[in-house]
Amino acid sequence: MSKFENAKAEIVSEKTLADQWTRLSTFEVDYTDSRGERHRLKREVYHRTPAACILLYDPKRETVVLVRQYRLPARLVGETSWMIEVPAGLLDGDQPEAAIRREAMEETGFRVRDVRFLFKAMTSPGSSTEVIHFFAAVIDTSDRVADGGGLAEEHEDIEVLEVRLPDAIVMIEKGDICDAKTIMLLQWATLNVASLK
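Using numbering that gives the first Met the number 0, the letters of the sequence shown map in sequence onto residues 0 to 196.
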């Protein structure tokens, strides 16, 4: 029996603080804890739409395709503004697999053939509703049918990188890659590389 069996939470109020690119709201919640004590909690939540990301792996060359792009929040916490990441994007109303095929093409120029769903995860459940769907796909050089680099109308300015998987792991250890979804997929690849042939 879980200690939280008798705990409960009731949303008392919600107020929108900002609603531009994504909505930010503040909540008041009446929370009855596992000891039966009641508290009024205040929380802010960033309402993010679902997203998807993908590990593109070339088993012949033992490389992964990554992208580098500008990220303001990284700069605000003292990291490099140009983050190295796996290709990713919002679903924009599409099913996760369709969305990640579109994003892979837009960002990297790689046409994805067989896509494998791996798992989904919440990236920061204490403050964000974001759910990311994680995928992997095997590629080779013939699958690169465009330059990639993102969409000009979305002001995307993306550099496409091809990195050997062992080198990408070293980049995590050195702090050159610090994006959570990218670390998760690269670690998954290290554990499951035999299934990506």
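A couple of the hints might just be wrong.
Listed next, with one range per pair, are the computed distances between beta-carbon atoms [said to hold, decoys possible]:
{"#": "1", "residue 1": "A179", "residue 2": "E158", "range": "19 to 25 Å"}
{"#": "2", "residue 1": "R163", "residue 2": "K2", "range": "44 to 50 Å"}
{"#": "3", "residue 1": "G108", "residue 2": "V169", "range": "22 to 28 Å"}
{"#": "4", "residue 1": "S80", "residue 2": "E161", "range": "18 to 24 Å"}
{"#": "5", "residue 1": "T15", "residue 2": "R115", "range": "20 to 26 Å"}
It is worth saying that the hints were derived from the structure and are not from the lab.
Source: prediction; values computed, not measured.
C-beta: ideal position from N, C-alpha, C; glycine also.
Hint check results:
Restraint check, A179 to E158: a C-beta distance of roughly 20 Å satisfies the suggested window 19 to 25 Å. Restraint check, R163 to K2: a C-beta distance of roughly 46 Å satisfies the suggested window 44 to 50 Å. Taking 22 to 28 Å as the suggested C-beta distance range, the pair G108 and V169 conforms, at roughly 26 Å. A beta carbon spacing of about 22 Å between S80 and E161 agrees with the range 18 to 24 Å that was offered as a hint.
The hinted window of 20 to 26 Å between T15 and R115 is violated, with their beta carbons roughly 38 Å apart.
Hint 5 from the list above is the single one not met by this structure.
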